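Here the protein sequences line up with chains A and B, keeping their order. If you read the first sequence in our numbering, its first letter stands for residue 1, the second for the next number, and so on. If you read the second sequence in our numbering, its first letter stands for residue 1001, the second for the next number, and so on.
Please keep in mind that the hints were generated in silico from the structure rather than gathered at the bench. Being a predicted model, the structure only gives us computed values, none of them experimental. Some clues are possibly wrong.
[As the list claims (entries may be wrong)] Computed cross-link-like contacts, BS3-like style, restricted to lysine-lysine with a CA-CA straight-line distance of at most 25 Å:
hint, chain 1, residue 1, chain 2, residue 2
1, B, LYS1096, B, LYS1122
2, A, LYS30, A, LYS57
3, B, LYS1040, A, LYS504
4, A, LYS417, B, LYS1040
5, A, LYS30, A, LYS19
6, A, LYS417, B, LYS1122
[Unchecked claim] To give an idea of the chain B side of the interface with chain A (calculated C-beta under 7 Å), a few residues:
hint, residue
7, ASP1072
8, ASN1074
9, GLU1101
10, LYS1334
Don't be surprised by glycine CBs; every beta carbon is placed ideally from N, CA and C.
Listed below are the residues making up each chain.
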Amino acid sequence: MVQRTVFPFAAIVGQDSVKQALLIAVVNPKAGGVLVAGEKGTAKSTLVRALAEITGKVQILELPLSATEDMVFGGLDLQQAVGCGERRFLPGILARAHHHVLYIDEINLLRREFVNALQEAVITGVHMVEREGISCRHEAVCSLIGTMNPEEGTLSPPIIDRFGLYAAVNRELDAPARAEIVRRILAYDRDPAGFRLQYAALTEGIRQQVAAARQLLPTIVIPETMVLLAAQMCAKAHSAGHRAELFLLEAARTIAALAGRDYLLPADMEAAACYVLPQRMRQEQEPPPPAPPEQAEGEQTQDQPQEQQQEPPPFEQPENQQPEDQSDSSAAEQPPGEGRDQEKVADIDTQFPFVRMELSLPQDRQERRGNGKRSLTRTDTKQGRYVRAGIPRGAVTDLAFDATLRAAAPHQRFRDKGNCCIAIERADLRQKIREKRIGNTFLFVVDASGSMGARERMRAVKGAVCAMLQDAYQQRDQVGLIAFRRQTAEVLLPVTRSVDLAQKCLRHLPTGGKTPLAEGLAAALAVLAARRKKEQDMQPVLVLVTDGRANTAADGGNGIDEALAIAAKIKKAGVHSVVIDTESDFVKLGLARTVARAMGSSYYSLGELSDKNIMHIVRNLP
Amino acid sequence: MKHTAVYPFTAIVGQDDMKLALVLNVINPLLGGVLIKGEKGTAKSTAVRAIADLLPAMEAITNCPFHCDPGDENRLCDDCREKTGADKALPVHSIKMRVVELPVSATEDRVVGTLDIEHAIKHGEKKFDPGILAQANRNILYVDEINLLDDHVVDVLLDAAAMGVNTVEREGVSYSHPARFVLVGTMNPEEGDIRPQLLDRFGLSIEVVGENQPERRVEVIKRRLAYEQDTGEFAQIFQEEQGKLAASILQARRLLPEAVIDDRLLLLVANVAIALDVDGHRADITVIKAAMTLAAFAGRANVEPDDVRRAAKLVLPHRMRRRPFEDGTLDWDKVEALFAGL
């Protein structure tokens, strides 16, 4: 392994809570490892890599994103098989990480199943290998450290929950401290060895602290009162399961050990709670106790990656923040429309909670091309990530050479090898199985009629669509946007990968006029039909956002009937759909629900969306 | 090595920001590369390929697939490290830094490297066959249309760029090797956007537009025609200018380690970053490094406020887009106001 000179841990400015969380993880594997979250460029990786020189005999093993499964979990030892015709287990990274620390950068980019399997092994402390004719069991006691940038997608709650600790890295907001960061980096770049020497004493101090804490840890007994306190704290935070209590106690013990004490103080429990509870806090019956500001981050990552608590609301722009009366007067300046057909441009409700669109379409054997992250697919191009190898069905198009060799290896003693060292026969051939996630196509059909124009409502609608777009960005989906109002429907954005453009279109979307719902649905059908010609294996999802109050139709007939007719056609075409009902008038007509039924859609009201933090809106597709 | 003719860097009409950004990265490979945005036909690729001619020579360990730097013991590959341990004097030769292209269609195996098939069959042993990241070590890694690159290749690239090391755990091979490179990407924004995470990796970014003055456009065409007619003669015309630029790059490289910056300026940059609310700390660090490089390029050791101002213009624009959709623009007035207080 390439040896790296690292930026000294002690020279990293601030970030004290992350530093402590990392130290807890390296001292005590039972604390459950740590998940470090923060925006890009906040020294997440630097912090973890800097750990390497203070952990003593404990190594930090890094798991690259491109790792194949057999390399992580272990497999057949190729050289042994070729040389001696013997099936012997070659340990993977997981086995090598026993009694060490396993570090995964950008853990949120890895496949969920993969992270699950890894965490499972780490939590049970053993790993069973059953592959290539080998059956083996090895210990895997280690701490898992993961880093992530929530902007690129969050982790599922069960995965977060299996990490004992959570720490948020924040950017420094104090100018002198920022200047100090730059100063130290410049000094390090100029003379790494000299710089490290300056911090050698501090580094040695931390190394000794860690070593002493490891010695001390087994001697720290947890008194009954602390167990009680842990239970109380967890109950107060409404955390599910009992993992939290254990993590809390182990973290507290480790904090005491790091402080050089062999007994626990209530303060240790409080300090531990900052890392253990925030991400597990739930809002049940009563609101949870107010968390210190840095703790709030934890909950945030789980629920709404960047909105809310953080200072600057992401989508708000001053020019859109006109007060109601001003927007009315500006509308009045426009050429007179038909009666109440005044155009308004509502801004976007930036506080709208994150909405996750999750497809539960089964992974089929069909191979798809394309990019994205939402749906797992097999891929027939050589583009995907090589995860494992399999026996080819038909011709070998993408030879998995490593697996082929392993298949051939045990037979070498009996084969005629000619000048080579290995003879390969047809039956040994293995095909690479590559996986990539492809995005789905979400076509948003948004009602922009006058009835939607009430400022607050449209704000919320835009907020909801925006929240869904955020999810679409993270999953690399394709999106399209159709708006209908006045007499027609307009394709504002043909299906594109640029979620950015969709958001822009949405921002400038004016409302006003009648509600040609049928036109909107017809336009959607046309867009999808055209799209299908181009990409036959696309699985589109139509997201209709409306109050359903159709009041105009192309042939002058009944708007509702016409809309229902097209809705039925959409259902027949096998298009998955979701209806988000925006109706909020006192007298509810429930028309959107009727349309949803006709279209075979999943149905949600706007209220439902904003009530729940994570809404799996597309999960229960029929 | 065969030498295919490239259009001389100094013959490119206009596009001063792009040329400057490239030159700064050649002087200081720690700047973090450059993202060049612009429409088709604005000499983006020409400029990147043309910079190859001006790249300085460097010492490299002979026969090392990663052309390790004999002077940097910390970044040697395992092989070189082992050999230096046994016998201090490794054969060294001088090679030119070069531009390594990463095709958009490149597969993950080609990028990170893979199992050496021939070696395995002949000797029954595992051996690592280095990929593009190995070639890119200490060189310029150029990705044309970087916004079209497959996500998982981007991930791998970011992984390597973050630490300057490519770690491979696949196809039966566990291997890691140094992979420090200057990342240069070009993109046409009309064809889709680029992930903020990747965006943030680029030290500098510039936007190129076609020349709009008729005389300049005519000049562009004239030079192109002359180049196509006789590459040799064309190169001759610009030889002197190329030589001058190459010399000043070398001089700047020598001067860079002496660059000093005032504490006031450090504080100013911190305040700019806070006022503009940029993500993380990479912006501050890069502005300062770019300012130091600009000073060195101007033949000075001390950084002046104007260096910082120019650096800010190259470093900050692409960091304004804080959220995936946010289309932030650089509020230059804010920056100027802070400078005025100096």
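Problem set entry | Structure versus earlier hints - violations, ascending order | 1, 4, 7, 9, 10
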